[in-house]
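The listed protein sequences correspond, in order, to chains G and B. Read in order, the letters of the first sequence correspond to residues 1 to 853 in UniProt numbering. Read in order, the letters of the second sequence correspond to residues 1 to 323 in UniProt numbering.
Source of the hints: derived by calculation from the structure; they are not laboratory data.
Taking lysine to any residue and the SDA-like style, the derived pairs with C-alpha atoms no more than 25 angstroms apart in a straight line are:
no. : chain 1 : residue 1 : chain 2 : residue 2
1   : B       : Lys315    : G       : Arg721
2   : G       : Lys449    : G       : Asn459
3   : B       : Lys315    : G       : Leu704
Note that the coordinates shown come from a computational prediction; the quantities given were computed from them, not determined experimentally.
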Amino acid sequence: MACVYIPVQNSDEEVKVMLDELPLDASYILDILKAEQAPLDIWLIIAVATFLREANKFLESQNVCEKEYFIQGKVEQFKQILEEGSSPGINSYIQLLMFLSHDKRRNFMLEVDEYYANVTYERIEILNALGAYYSQLAKVENEQREKEDYFIQAAKYYNKASRIDMHEPSTWIGRGQLLLTKGDFEQAFKAFKIVLDGDCNNVPALLGQACVHFSRGQYVDSLQLCKLEPDNVEALVALGILDLQTNEAAGIRKGMEKMQRAFEIYPLCAVSLNYLANHFLFTGKHFLVEQLTETAPAVTMHGLTRAHSYYNLARLTTASAIIRSMCIITFLISGDYGKAGMYYMASIKESKNPHEFVLPCYGLGQVQLKLGDLQGALTNFEIVLEVQPKDCGTLKALGHIYVQLGQNEKAQELFRKATKIDPQDPQAFLELGEVLMSTDITAALAAFKSAHDLLKKGNEDVPLELLNNIGVLNLEMGNFQLACETFKEALGDGILCEFFHAARESNMNLAQTDAYGESPNQEEQPNTSHTARSNLIDEALYAVDASSTIHQYKDFQWLEEQGVYVELPWDKVTILFNLARVFEQMHNTKSATILYHLILFKYPEYTDANLRLAAIAKARNDVQLSVKLVLQQNPANLYAANGACIVFAEKGQLDIAKDLFTQVIEATSGSSNVQMPDVLINLAHVHFAQGNFALAVKMYQNCLPKFYYNTQSEVLLYLARVHYEAQQWQDCRKTLLRAIHLDPSNYTLRFDVGVAIQKSSALTLQKTTRTVDEVRATVGELRNAIRLFSLLCASSNLHFHGLDEKKIRSHVGYCSHLLEAACADQELAELEEQQNLQRLEVRRRIEFADRFS
Amino acid sequence: MKLAPLNTVQNAHDDSVWTAAWVPATEDSPPLLLTGSLDETVRLWNPEGPEKVQTNTGHCLGVVSVAAHPSGRIAASASIDSFIRVFDVATNNTIATLEAPPSEVWQLQFNPQGTTLAAAGGGSASVKLWDTAEWKLVAALEVPRPEGLKPSEKSGSKKFALSVAWSPDGRQIACGSMDGTISVFDVPRAKFMHHLEGHCMPVRSLVYSSAPLDSRVLFSASDDSHVHVYDAERKTLITSMSGHSSWVLSVDVSPDGAAIATGSSDKTVRLWDLKMRAATQILTSHNDQVWAVAFGPPLRTDVRSCLLASVSDDKSVSFYKYY
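Chain G on its own, in the form it takes in the complex (with noise of 0.2 angstroms):
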C-alpha cells in the first residue's frame, strides 16, 4: 500500500498519508501541507493521488469490467511515477498533464505557487504545469473565444516560468506545444530549437519538432529527427506512420516494421496494437486482430486511440459476419451484427468529437443498415456527411435509406450530388436511375445510360438489371427499336439471339422455302450446319406459330430432339419476356407470342407470360382460348379472369362473359379455399341483363346463404331489380324491406319500395280488366308510396340522407295523382261489384220465383 511521509516542520516526525485513503475533503490534505511547508514533490504526489481517486470513482460508476481492468494497468504506471517522483523530470511532468483537467488541481498549484516563491525549480515545474494545463484546455475547447482566453492564460504562465530562468528547456518545450496546438508551426519550430540548441538530444524537443515538421507535410523531415533515438516507442510508432501513409507496399512493410518493433518494446503501446491490427485485420489474421484490438483499449486513455481500437474490433466483427453470410451461419450473422454496432458506438462515444475520427460513425450507419435499423443509420450517415460532405460512399448510403424511407426526393437530391462528385461512378448513376424511374422516366434512362457508358467505358460487366432497366424506360418512352436493341445486347450471343433473328425472319424463310422447294438455299450458304440449324428453328416456330394453341410444347422438345438445346438461364428470362413485350408493342405479335412460349417451355410457372399469350388470344377475340390460359393459374389468376369476364358484359357480349363466368366457376367448385362470391353474383348480373330472370333470382339467392349469412342488403337490392324488372312485385317488395331491416339508415332503399310500389301500382291501374280486391290492394299500396315519400321529403332538410327533395315530391305528387284515379276506380269498380251482386240477387230472386211458380 502505497503511502507518503510529509514532514513535521521542526522536527524529526513524520505525519503519514495512505494514498488509498485520501481524505474525499482535499482541503485537509493542503492544510497539512501547507502547515509543514512540505517539499513540492510531495505536492505533486498527493495532486496526482487525488486525481487517480477521482478517476476511480468516475470509472467504477461506469461499472463495465475493461475499465476496472484498465485502472489496474494505470495503478501499477502511476506507482512508476511515483517512485520517479523523486526527481520530477519531464516524463512525469507530461505524466501529470495528462490528468491535469480539474479546477481543484488548477487550485492546488496556484497556492503551491503561492507558498513555495523562493523555491526555484519547482516553481517552474508548477507553473509550467498550469500552462500545459491551460494548453490543454484550449485544445479541447471548441468556442473560440474561450479558446483564445485559455491561450492567453497559457502563455501568461510560460511567461511566468521564464522570468524565473530563461533557460529552463521544459518551459521552451511546454512553450513549444502550447504554439503547436495554436498552430503557429514557425514560433513552435523555434522554441523546440532553442531547447535542441542547448542539448540536442532532448527527446520531447526532437519530437516536438518533429511534430511541427510533420505537421507542415515534411514527412522526411520528421522522420530524420525521430531517427535519432531507435528504441523510442513514441517516434517508432510515429515512423511506421510515416511509412504507411506513403501508401506504397514497401513503405507499408517497413511501417509494420516498425510496428512490430514498438509492439516488442513496449507490448501496451496502443498506437502501434491499433496499427498491427488494422494490418492483421486486411491480411486475414482475425484471430491475432482480436487479441491485439482487445489489449488496446485496455492500456490508453487517450479516447482517440481509444476509438480507434473498437473501430477496429467492430470491423473484426462485421468481417466475421460477413465469413458467416458466406458459410451461411445465419443465426450468428445478427448477433456478430449486433456486436459490431456496439463496438462502433464504444469508439463513437471514446472519440466524442466526429471530426477527429468519423469512421466509426460509417461503419454503425452500415451495420445498423444491416441490420434495419434505418433511421439511426441515417442519423450516423448525416454525422458523417457532415464532416465529409463531398464523399461518394455516404451520399450513396443516404440515398439508399431515403429510398427504403420512401422519401424518393431527398434520395434524388443525394444521388444527383454524388454523381456530380464522381461523374464516373456507374454506381451512383445506376441508383440515381433506379429512385427517378418511378417519377421521371427520361431523367432515369439518361442516368441508366450514362451508368451503362461508364461501364463500358471500364470495360466491365454491364449487370443484366441494367440493361434491363435501360430496355424496359425505353418501352415505355415507346422507343421500341432501341428498347429491342438494349435487350438484344442483354441476352447476349447465343442460341437465343438466334431465336429472336429466326423469329424475326422466319416469315421470309418460308418464303424461301416455298421457292425453292425441299432444300432451300443450301448452296448459298457457305456456313450447312448453321443454316441447318436455323432453318430447325424455323420449322419448330412454324409449327409454334401455327398451332397458336396452348401447350404447344412439342415443338421446342422436337427442337431439342434434333439436337438444337435451347438454354435459357433464369437470370434472362424477365429480359427476354420484356423483349416479347417490346415485339407486343411493335404489333410483332407472332415473335411475340414465340418467346412466350418459349418462355412457358421452359418455366411453366412464369405466369405473366401466360397472361400475356392470353391477353394477346382475347385481342384476337379468342375468347376460349384466353379463359383456359388464365384459369390454368393459381386462383388468384380467378380475380382476373373475373375482371376479365366483367370487361366482356360491359361490352355488352353477355354470350361470352357468361361462358366465361361460368368456366371461372368450375375452376374455383373443386378447391373449397376459393370461394368467390363475386363471380356468382356477376354470372347473376348476366343472366339478369339476358332476361333470364328466374335463374338469376336462384343464383343470388343462392349466394345470399353461402357467403353472406343474409346479411348483404347489396345482394337483396341485386334480387329486388331483378324481380322489379320480372314484375314480380310482390317479391320485389319484400325483398326490399328485407334490405331495409338489415341495412335501417340506407334511405334509398326505401326510395326503391315507393318506386316499386309506384310502377306496379301504374301497372295495375293500366289494366283493362282488374278485380275489386287488385283495385282496393292499389289503394293501399299507393298510401304506403305516398307515406314513404312523404317521410323521406321531410327528412330530407334533416339530411339523413342525400336524396333530391324536389325528386322525392315529384313522386309524391305522382303516387297522389294514381291514388286519386285509383280511388275513383274503387268507387267504380265497388259500385260494379255491387250491382254485379244486386243482379245476382235479382237473377237468383227470379230463379227462386219460378222454381216455386
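Dock chain B against the given chain G, drawing on the hints supplied.
Then chain B, alone, in the frame of chain G:
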C-alpha cells in the same frame, strides 16, 4: 343452467319473423308471446301447445318491433312505415296510433313501471318517449352529434338510433346506434349522459341486467358478432364475448340474471353463462337468421325456470325451457 328445446312452430308467419316479446300473464290469461313479421301481421301465441291465439293486422310494410306493457294488457307494434300501433292484447282494439315524423321507428320498449313507451327513432338520432296515460309524445332524447360536425353535414345516419333499453329502475335509457356507439340518457332530467364505445358495427339489441345488484350492467348485441357487457354508469366495458360467426341480432337476459341468450345471423341461438363469460350452449333449431330471443316470465309450476322464445327468418317460432 340449460336450455331444453320444447317445440317449434314452423310457418308461424307467412314470412320472416323479425321480432318477439312476452306479454306478462294477467288474471285472465297465461303469459303469451307476441311476434311481428315481414308479412305485416302481429301474432299472439300461447306457449302451451303451442297454439296461435290471434293474428293482428293493420300494419303496412314489415313489422320491425313489438313490445308489451308490464301489466300484460296492452302492447305496441311498429313497422317500416314508421307507425306505432298500440292495442289491447285481449281484444285487439287499437288504443292509439303513434308517429313522430320524419323519424322512423325501430325498437320499442315500455319502461318497467309502465308509464312510458320508448322508441328508437332511426335517422332522427333520438329516442322518442310517449306517456302511456294519454299517449302523448313527452320527450325526444337526442343523441349528440359527433363533435366538429356541423348539422348541415350528411352525418345523420352515423348515429342512426336502432335499439333502446330501459334500466330496471326506469331512470336510464340506453340507445344503440348504427355506428356501434351506445348512448346513455338520464330519463327524469331528459339529459344525455355519455356514450359507451367498443362496438364498431350497428348495435341492434340492448338489455339491462335483471339481477338486483347488477342493475347498471348493460348487455349489447352488435353486427360485429360480439356481445359486450358494459357498466352503463361508469361507462366501462366489462367484457366482450365472441363466438357468433355473424351479426348478433338480439340479446336478452334471463330473469335470474345469471345467463343471457343471443340470436344471430349465423342461425344459432346461444346461451351464455355470465360467470364463465362464455357460451355454454349452442342451439341450431333455426335454419335462417335468428332475429329475436326473449326470456319469458318464470313458470308457475317451477319458479326457478322460465321459457325462452326465438324467432327467425325461416318463419318459425321456437320455445325452450330455461332452468
